[in-house]
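Trainee: Here's the letter readout for the chains.
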Amino acid sequence: GAGVSQTPSNKVTEKGKYVELRCDPISGHTALYWYRQSLGQGPEFLIYFQGTGAADDSGLPNDRFFAVRPEGSVSTLKIQRTERGDSAVYLCASSRPSGGGNEQFFGPGTRLTVL
Amino acid sequence: GNSVTQMEGPVTLSEEAFLTINCTYTATGYPSLFWYVQYPGEGLQLLLKATKADDKGSNKGFEATYRKETTSFHLEKGSVQVSDSAVYFCALYGSSNTGKLIFGQGTTLQVKP
Numbered sequence: 001g002a003g004v005s006q007t008p009s010n011k012v013t014e015k016g017k018y019v020e021l022r023c024d025p026i027s028g029h030t031a032l033y034w035y036r037q038s039l040g041q042g043p044e045f046l047i048y049f050q051g052t053g054a055a056d057d058s059g060l061p062n063d064r065f066f067a068v069r070p071e072g073s074v075s076t077l078k079i080q081r082t083e084r085g086d087s088a089v090y091l092c093a094s095s096r097p098s099g100g101g102n103e104q105f106f107g108p109g110t111r112l113t114v115l
Numbered sequence: 001g002n003s004v005t006q007m008e009g010p011v012t013l014s015e016e017a018f019l020t021i022n023c024t025y026t027a028t029g030y031p032s033l034f035w036y037v038q039y040p041g042e043g044l045q046l047l048l049k050a051t052k053a054d055d056k057g058s059n060k061g062f063e064a065t066y067r068k069e070t071t072s073f074h075l076e077k078g079s080v081q082v083s084d085s086a087v088y089f090c091a092l093y094g095s096s097n098t099g100k101l102i103f104g105q106g107t108t109l110q111v112k113p
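Chains A and B supply the protein sequences, listed in that same order.
Oh and the first sequence: position 87 is 87 in this note's numbering, straight run, nothing missing.
Oh and the second sequence: position 96 is 96 in this note's numbering, straight run, nothing missing.
These are calculated hints, taken from the structure and not from any lab test.
As the structure is a computational prediction, the values presented were derived from the model and not from experiment.
Virtual Cβ for every residue (Gly too), placed ideally from N, Cα, C.
There may be inaccurate statements among the hints.
Some chain B residues close to chain A (C-beta under 10 Å, calculated; not the full set) [said to hold, decoys possible]:
(1) L44
(2) V82
(3) F89
(4) Y93
These stretches of chain B come out as covered by chain A in the derived footprint (C-beta under 8 Å, 3 or more residues) [what the hints assert, rightly or not]:
(5) 45-52
(6) 100-113
Required output: the full structure, derived from the provided sequences and hints.
Mentor: See the structure below:
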């Protein structure tokens, strides 16, 4: 079956611009996660959705970052006034309702470069 | 707070050598532990997991045992292959049920023929 898909695969933008990154989870997965992975580091948690609502947004670095999941499926991560430090690979994952052993399935990521 | 520490890489081995990648964690309660693998050009994939103390996760010849007394989850494989070359991430899921995985920094494994 189809896995988690993310678009675009690469995004190059200029400092100060607005970007949107899209995630399409596995069908039937109610939990969706966004992570950010900087070069040479492990993924860092940004936000977790259970259905349409953000159950934990404690990882969003500041108010320039925002994510939505209006119909409980596709999610969009939005970054305003991008900065060079936002350059990273943004990963999306989905799972069945979150629990201690539920596997998170990761997408291929969107590589964001802010010039 | 919860955290994961992995041995630094890169780790370079010859084919058929024994592999150990160390992982230790700090967590409250009883976390679940995972190893994820990222092959070149591919996304993160779950390799194995263990959800309670003394559990052993295994897959594709890799094993890791959840040791609560030493707060460790070391990854081992008896005989590595060139195709095992990848970046390996140890991760934990805290018992607070927030949904998030906490990852180590990753260890790059290079296996030479």
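Trainee: So, for every hint listed, does it hold in this structure?
Mentor: Hint check results:
1. L44: holds, 4 Å
2. V82: violated, 23 Å
3. F89: holds, 5 Å
4. Y93: holds, 6 Å
5. 45-52: Since three or more residues must qualify, the claim that chain A covers the segment 45-52 of chain B holds, with 4 doing so at under 8 Å.
6. 100-113: holds (count 7)
In this structure, only the earlier hint numbered 2 is contradicted, and the remaining ones agree with it.
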